[in-house]
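Protein chains in written order, with our numbering: chain A, 1 to 207; chain B, 208 to 391.
For the record, the hints were derived by calculation from the structure and aren't laboratory data.
A virtual CB, placed ideally from N, CA and C, is assigned to each residue, including glycine.
Incorrect hints may appear among the rest.
Said to hold, decoys possible - Between beta-carbon pairs, the in silico distance windows are:
#1 B:N333 with A:Q143: 27 to 35 Å
#2 B:Q239 with A:G126: 55 to 63 Å
#3 A:E196 with B:Q239: 46 to 54 Å
#4 A:W5 with B:L263: 52 to 60 Å
#5 B:F341 with A:N128: 28 to 36 Å
#6 A:R8 with B:G361: 52 to 60 Å
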Amino acid sequence: RLRKWQRRIRVSNATERNLAFALSELDRMASALGLPRTVRETASVIYRKAVDKNLIRGRSIEGVAAAALYAACRQCGVPRTLDEVEEVSRVSRKEIGRTYRFISRELSLKLMPTSPIDYVPRFCSGLNLKGEVQSKSVEILRQASEKELTSGRGPTGVAAAAIYIASILCGERRTQREVADVAGVTEVTIRNRYKELAEELDIEIIL
Amino acid sequence: MTNESNLKIENVVASTKLAEEFDLNLIVEKFQTAEYNKQKFPGLVYRVSDPKAAFLVFTSGKVVCTGAKNVADVHTVIGNMAKKLNGIGIKTIENPDIAVQNIVASADLKAVLNLNAIAIGLGLENIEYEPEQFPGLVYRISDPKVVVLIFSSGKLVVTGGKTPEDCARGVEVVREQLDNMGLL
DNA sequence: ACATTACTTTATAAAGC
DNA sequence: GCTTTAAAAAGTAATGT
Numbered sequence: 001r002l003r004k005w006q007r008r009i010r011v012s013n014a015t016e017r018n019l020a021f022a023l024s025e026l027d028r029m030a031s032a033l034g035l036p037r038t039v040r041e042t043a044s045v046i047y048r049k050a051v052d053k054n055l056i057r058g059r060s061i062e063g064v065a066a067a068a069l070y071a072a073c074r075q076c077g078v079p080r081t082l083d084e085v086e087e088v089s090r091v092s093r094k095e096i097g098r099t100y101r102f103i104s105r106e107l108s109l110k111l112m113p114t115s116p117i118d119y120v121p122r123f124c125s126g127l128n129l130k131g132e133v134q135s136k137s138v139e140i141l142r143q144a145s146e147k148e149l150t151s152g153r154g155p156t157g158v159a160a161a162a163i164y165i166a167s168i169l170c171g172e173r174r175t176q177r178e179v180a181d182v183a184g185v186t187e188v189t190i191r192n193r194y195k196e197l198a199e200e201l202d203i204e205i206i207l
Numbered sequence: 208m209t210n211e212s213n214l215k216i217e218n219v220v221a222s223t224k225l226a227e228e229f230d231l232n233l234i235v236e237k238f239q240t241a242e243y244n245k246q247k248f249p250g251l252v253y254r255v256s257d258p259k260a261a262f263l264v265f266t267s268g269k270v271v272c273t274g275a276k277n278v279a280d281v282h283t284v285i286g287n288m289a290k291k292l293n294g295i296g297i298k299t300i301e302n303p304d305i306a307v308q309n310i311v312a313s314a315d316l317k318a319v320l321n322l323n324a325i326a327i328g329l330g331l332e333n334i335e336y337e338p339e340q341f342p343g344l345v346y347r348i349s350d351p352k353v354v355v356l357i358f359s360s361g362k363l364v365v366t367g368g369k370t371p372e373d374c375a376r377g378v379e380v381v382r383e384q385l386d387n388m389g390l391l
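Given only the sequences and the hints, what does the whole structure look like? Please build it.
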């Protein structure tokens with residue numbers, strides 16, 4: 001009888017220890033990414049649900065925590081790319097993506113693919129661009145979406161191209177390199193996307 | 208009206224057993240283009256151009272054939288492979304059972320698609336669409352048991368089928384569902 | 001700036017780590 | 001789970017001229 005109690009205490013300790021570790025990891029990663037408290041709380045709720053459904057079995061706490069954070073960012077409308085989450089975690093992008101798909105399905109998160117529009121505020125502030133440019137970027141993205149220019153394209157690349165165009169239209173030009181750096185894409189991608197947007201949306205870009 | 212599936216088979220994967228065991232070291236030295244690194248991979252790699260295909264040969268006598276463009280070619284290339292082995296002094300099983308394990312095919316719905324709308328239409332729980340990672344929407348069908356990759360260009364990739372009919376049916380299932388949702 | 005090569009995703013068998 | 005093979009889709013990336 002005493003052994004049974006001891007085992008329960010041990011399991012309980014291990015469970016609590018793991019949860020504490022996971023939560024501290026979430027906090028550490030969220031801080032590194034500069035995420036608000038609401039996202040950290042959302043991530044911890046997702047993580048706890050994963051624990052309750054025994055989804056951690058066969059997976060690392062780090063991986064599930066990173067996937068929960070990635071999912072939380074998307075759920076809160078402030079997405080980070082898998083690459084960004086990978087940078088602050090110690091698991092590979094491949095495992096974060098794989099674990100994300102798993103918990104997303106098991107917890108029925110039903111998240112829509114990330115919208116380029118959700119990246120606009122963060123990228124624009126990273127480029128010191130005002131609200132006017134943000135509004136213009138969003139306007140361009142809505143038109144792009146209506147004309148089917150966003151399906152299958154990377155959300156960050158499309159957002160970057162829209163911001164690049166908007167910055168020029170608003171007289172606050174940023175170079176392709178500057179935009180590419182904050183968006184985490186290459187100049188080639190910005191070029192390909194902005195050419196397509198400019199042509200299909202009949203936007204004249206004069207340098 | 209409608210349709211013949213402009214289905215094109217791109218790759219056929221099959222497996223069979225040609226002997227009870229193989230001495231891969233003997234085969235590598237006799238077949239000049241064969242590759243064999245036991246620590247890297249347990250199988251010997253051998254490419255042929257007759258009908259183009261690639262073989263993975265194992266010590267157990269089992270063989271995997273990939274890259275063929277037809278189910279018929281699979282039989283042809285495996286037959287040629289058996290003869291080449293015989294020519295090198297290795298006996299092989301007479302009429303080996305050849306099992307097609309997977310067929311990859313491509314098709315074209317000839318329409319520009321809105322993948323976000325399709326994701327919602329087919330149900331987010333039934334699909335996977337992460338444009339950040341890959342431009343295609345992944346749709347798993349249970350009957351026929353195939354996986355279809357749907358692209359915004361209207362092009363499709365069907366894989367997982369064991370027969371060309373599975374692939375053709377998979378395309379039709381997608382075409383019908385998209386049509387019913389008015390997304391075609 | 002443009003070209004080429006290469007990697008992302010899907011399925012599938014094989015033997016072994 | 002990984003390793004290796006083949007092939008398509010379209011986007012993005014790395015490298016080279």
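Here's how the hints hold up against the structure:
Between N333 of chain B and Q143 of chain A the beta carbons are some 30 Å apart, a value that agrees with the proposed interval 27 to 35 Å. Remark: the range hint 55 to 63 Å for Q239 of chain B to G126 of chain A is upheld by a beta-carbon distance near 57 Å. For the pair E196 of chain A and Q239 of chain B, the beta carbons lie near 48 Å from each other, so the given range of 46 to 54 Å is met. The hinted window of 52 to 60 Å between W5 of chain A and L263 of chain B holds, with their beta carbons roughly 55 Å apart.
Under the hint 28 to 36 Å, the C-beta atoms of F341 of chain B and N128 of chain A, about 33 Å apart, fit the expected range. Between R8 of chain A and G361 of chain B the beta carbon distance is about 59 Å. The supplied range of 52 to 60 Å therefore holds.
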